[in-house]
Amino acid sequence: MKFGVVVFPGSNCDRDCFYVADKVLGQSVEYVWHKSTDVAGFDCLILPGGFSYGDYLRTGAVAKFSPIMKSIQEFADAGGMVIGICNGFQILLEAGLLPGAMIRNSSLKFICRHVLIRVETASTPWSSTAARGQVLKIPVAHNEGNYQVSNTTLEEMKRHGQVVFRYCSEDGSVQGEFNPNGATENIAGICNRDGNVLGMMPHPERASEMELGSSDGLVIWNSLLKHFEMSADC
Amino acid sequence: MTELYAELGLTSEEYKKICDILGREPNKVELGMYSVMWSEHCSYKSSKEQLKKLPVEGPGVLVGPGENAGVVDIGDGLAVVFKLESHNHPSAVEPFQGAATGVGGIVRDIFTMGARPIACLDPLRFGPLSNPRTRYLFEGVVSGIAAYGNCLGIPTVAGDIYFEDAYEGNPLVNVMCVGIMPTGRLTLGKASTPGGVGVLFGSSTGRDGIGGVSVLASQEFDESSAEKRPSVQVSDPFTEKLLIEACLEMIDKELITGLQDLGGAGLTCATCETAERGGCGMDVEITKVPLREADMEPVEIMMSESQERMFALCPEDNLQEVLAVCEKWDLDAVPVANVTEGDALRLLDNGSVIAEVPASSLADGPVYHREAERPGYLDEVAAFDTRPLSQLSDLKGLLVQLLGSPNICSRKWVFEQYDHMVGVGTVVLPGSDAAVLRVEGTDKGLALACDCNGRYCYLDPRRGAQIALAECARNLACSGASPVAVTNCLNFGNPEKPGIFWQFQECVEGLSEGCGCLGTPVVGGNVSFYNESFGEAILPTPVVGLLGVIEDVANRVESAFRSEGDLILMLGDTRDELGGSELLKAVNGSIAGTPPEVRWDEEKALIDCLVRAASERLMKSAHDLSEGGLAVALAECCILGGIGATVELEARLPACVECFSESQARALVSVSGEDAARFREIAGTAGVNVRVIGECGGEELTVEGVFSVNVDEITDVYENSLAKMV
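First to last, the protein sequences are chains A and Z.
Following this note's numbering, the numbering of the first sequence begins with 3 at its first residue and continues without gaps.
Following this note's numbering, the numbering of the second sequence begins with -1 at its first residue and continues without gaps.
Be aware that a few hints might be false.
To be verified - Okay, derived cross-link-like pairs now, DMTMM-like style, lysine to aspartate or glutamate, Cα gap no bigger than 25 Å in a straight line:
1. K111/A with D714/Z
2. K4/A with D714/Z
3. K410/Z with D173/A
To be verified - Here are a few chain A residues that face chain Z, going by a calculated C-beta distance under 7 Å:
4. D18
5. F20
6. K111
7. I113
8. R115
9. G163
10. G178
11. F180
12. G184
13. E213
To be verified - Stretches of chain Z that chain A covers, calculated by requiring three or more beta carbons in the stretch to come under 8 Å of a beta carbon on chain A:
14. 39 to 52
15. 235 to 249
Treat the hints as calculated values from the structure; they're not laboratory data.
From the three backbone atoms N, C-alpha and C, an ideal C-beta is built for every residue, glycine too.
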């Protein structure tokens, strides 16, 4: 399949995502400059982590005005696969492709470490190779990962299986003490109602090879590849 | 002018020398330019003579000291660019911005050479954490480093931190950056073609940081220091990130012939140094410089240290393309200078010359021979008797105390605030002996460590500097890497005081000797003097940064014990060496005695043995012995591995000495039973004494007949103490 890695000024995980798509997954991949509006031919767009526009305002608040965002919206509306990782997730929230908002970590400090997340649903294109309840080890690295959403929206999201990952313990227990950033109900990743847009704070591209301490991120990539093969077969 | 030169930090002799060079009195702009370029920070006028003693050449050295950073060839068509630098005084005045701009400055030095920055390391020194101001400085510095490095997407992978009284009024913030590039992309900061154009791009020029190198970095602290806050710049990491990408794009497209960052001494330094290195002159039209405030005077424009600015040299024909790259990255760019024949740096105000000086006279600066005299305190500290320490009992209590002490406890609270994984290259994360990064497209790995125990250097500067190097080398070897090249940041007090200068001279000579023995050239570095507050100097702190290479990164080794039943081997000899030790400090708070001896033949044998054993994948873990000795090293291996160990002491020395002596040239290794014989063989060939002291397993760390302690209990102390102290 063909990946597009969107590059905003200040993106800094763009090269990592490119590397994983190319060298680890062996797929074709291109960078997509944020001033471009052409996303034709891509099967999946990755909005990588980083500090778009320095994140001097609210994270992602400036990037949502980049010319590429309108095309990404249309791409997603047409069922295209879109994943926002860390800053990419924040941008998707700001742009309204996903519900909710981010505030600063409850510790008020940047947090970089491996965390454990539980797969809450295996019925999304991003988690189908996992078992529900499976625990993945994937690192986080962020200052604003404290996910907030209104109760009404959250209930609706839960009804539609949109909560994909939650921070948890080794045995999959979702408790406050395993929540690194104060996110509502330990939420680490969510998708839209159709399931084709995923946003997550942990970095699967940093956990795609055992050499880096974990390859659990492959669950997400492999689910995506499986989804693509299946849709191609139809 | 007579009062102005003194205010700008120049001496009357220097002023006279400037008049001699020009054949007239300098005007205000010219005087301002000399004052920053001839500051200690820029000119190295007190240190230059001593620095000549350092070995700077070696087979892999592509660029040694004098350029923006050192460059070494690591094979496979790749070169590593790295350098250490200080940002001490700005960080003492404004910790967040001081540290952040320190990172910005060193990162620019690396990509200026054409390399993509891939790692940062931060050696930090503070006063005791019991002081609320220290906590404010510590938190501010750490978050400043995090804010800047994280935004750039450069992993901060290692560093070292010490808390000592002597740094209370003058903390140290040293920053190291490492970059990598194809050797062919090497770009130098020179203007060597008359007719070429100098383009200034990035942030506009403001009044921030004027005189940063002269009034801030090259003077001691006193009651007026708080007023120097305006001399600290404000950081903009986002613009720096754009600069990295734009500069690398210009270099990849072969558009530019020279590149220089604007740091200390701002535009003055960037123009005169590029002209001097290229053997040319330069005309600078200062009305073209984009300003933050319209009414800035020429002298302010030339002295401003506004951050995130770059100066590129290109042929006239490439100018439009250079400007186009800047436009792509939303960076302001203006051609401000023309490269000329000759040696004159001329400043033009709408075409009329307002200053004209020989570029080389700015860049070369004066050289001083400073007086050195062995300070009197040395006899007193050397006379200290450490023998009573060997009689201490309750070794378990002492171990727990040390594991929770500020200098030994885990740095997790710090490194979790740094993004240390971005770049998907960090294969050994912070907390082990050295950070290891894999090199994309090759089997190689880079191992990085920095170190300096200022207490040892205070007690014996020559030996202390060598220990700093030896410990770095052991850190690399324990990771499986051979040491390749050195950078340093030499932090000292006021060099005009003979006692301080003696410390400096001894450290340089010690380091030189050590580098000679180890075969590691010094390819770059920085000197930071005047680290004093109210007349009290810091501990002499010659921080060493060492680069190592692992031929096959799959052979890397970490310090954590791995499996039940693995044999634990002690490498090297333990002697009664408790002078300057962590134990002594913990027990009676003093810095005294004679630091451990450095025996380079033993160090080299140990390194050979570790590197060889790593290449044969014989070791399950390896950890060097340093502060806190065997007991602390054992505890760290257990804590990191989440597994216990049972060991027996040699019982040749008192138990306390064997547990806590800080003898050099030692390491703790674990191997599986079937590899022990081969390991011994390698050690034998290298000439390292090996003793099986026990094995891994269980939930306790037990030193037979001495003490036993639960690993969970010491893990809690080790990992959470720093957070509790902040």
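Results of checking the hints against the structure:
no., hint, in the structure
1, K111/A with D714/Z, "holds (21 Å)"
2, K4/A with D714/Z, "violated (47 Å)"
3, K410/Z with D173/A, "holds (24 Å)"
4, D18, "holds (5 Å)"
5, F20, "violated (10 Å)"
6, K111, "holds (5 Å)"
7, I113, "holds (6 Å)"
8, R115, "holds (5 Å)"
9, G163, "violated (30 Å)"
10, G178, "violated (18 Å)"
11, F180, "violated (15 Å)"
12, G184, "violated (16 Å)"
13, E213, "holds (6 Å)"
14, 39 to 52, "violated (count 0)"
15, 235 to 249, "holds (count 5)"
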